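Colleague: Now for the letters of each chain:
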Amino acid sequence: MQGGKLMKKANIMIVALFGLFIISLFSLYNYAVLNITNLMVSFIVFGILLVLVVLRYSPLIQREQDERTFVIAKAAVQYSWVLTFLLITTLFVLSILGFVLCSNQTLLGIVLIFMIFSYFVLNLVFDKTAAIRE
Amino acid sequence: MTNRIKEFRQEIGITQEELASCVNSRRETIVYLEKGKYNPSLRLAYNIAKRLGKTIEDIFSFEDENST
Numbered sequence: 022m023q024g025g026k027l028m029k030k031a032n033i034m035i036v037a038l039f040g041l042f043i044i045s046l047f048s049l050y051n052y053a054v055l056n057i058t059n060l061m062v063s064f065i066v067f068g069i070l071l072v073l074v075v076l077r078y079s080p081l082i083q084r085e086q087d088e089r090t091f092v093i094a095k096a097a098v099q100y101s102w103v104l105t106f107l108l109i110t111t112l113f114v115l116s117i118l119g120f121v122l123c124s125n126q127t128l129l130g131i132v133l134i135f136m137i138f139s140y141f142v143l144n145l146v147f148d149k150t151a152a153i154r155e
Numbered sequence: 075m076t077n078r079i080k081e082f083r084q085e086i087g088i089t090q091e092e093l094a095s096c097v098n099s100r101r102e103t104i105v106y107l108e109k110g111k112y113n114p115s116l117r118l119a120y121n122i123a124k125r126l127g128k129t130i131e132d133i134f135s136f137e138d139e140n141s142t
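Protein chains in written order, with this note's numbering: chain A, 22 to 155; chain B, 75 to 142.
With the rest of the complex left out, here is chain A (with noise of 0.2 Å):
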């Protein structure tokens, strides 16, 4: 039962993947953007995303049901967010004050950068001492 519930979930996001794929097309086309490239990201985004699913609703792969690592997990993301968006309005105020002088690809990079490790982080810090009391 769980597993036919997880299937039909999994199959709703397959097509409706592969329909934002198909609207990613006509709007590429219609902006006369449809060179190589861009077809080839949306070929790659699609494909990641299908792994994804496919990861996350397939019955042959054992997830971790630890409800714990959920809760640190969640946490971490949380804290993880708000410090990036500290980062940001940091980097923003020095930027308006003349102090930082980087390129929009550079400052997307540390945004980026900064979000991921400190997520990684964080969830090993609140494993260890234990912070999280849900």
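Hints in this document: simulated from the structure, not taken from any laboratory. The hints are all genuine.
Far from chain B by the CB rule (all over 10 Å, computed), these chain A residues:
id : residue
1  : 106
2  : 112
3  : 117
Here are some chain B residues pointing at chain A (derived, C-beta under 7 Å):
id : residue
4  : 98
5  : 99
6  : 100
7  : 103
8  : 112
9  : 115
10 : 118
For clarity, every value in this text was computed on a predicted model and none was experimentally measured. Positions of the beta carbon are idealized from the N, C-alpha and C atoms, including for glycine.
Starting from the structure of chain A, add chain B where the hints point.
Modeller: Frame of chain A, contents of chain B only:
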């Protein structure tokens, strides 16, 4: 919140690892529960109580910090 998981677990002679596998959890979770450093969800509390053959009230006791 205090609990008597360790006491009841030792009474029936099972290890933390065995209790953890019975309630679909990790040993670390049982360790933190026994130390009182983690408060379980109602589902986990129910599963632990069921495995130990006790009621939730027998195992967990809530002390109101505001009560005088």
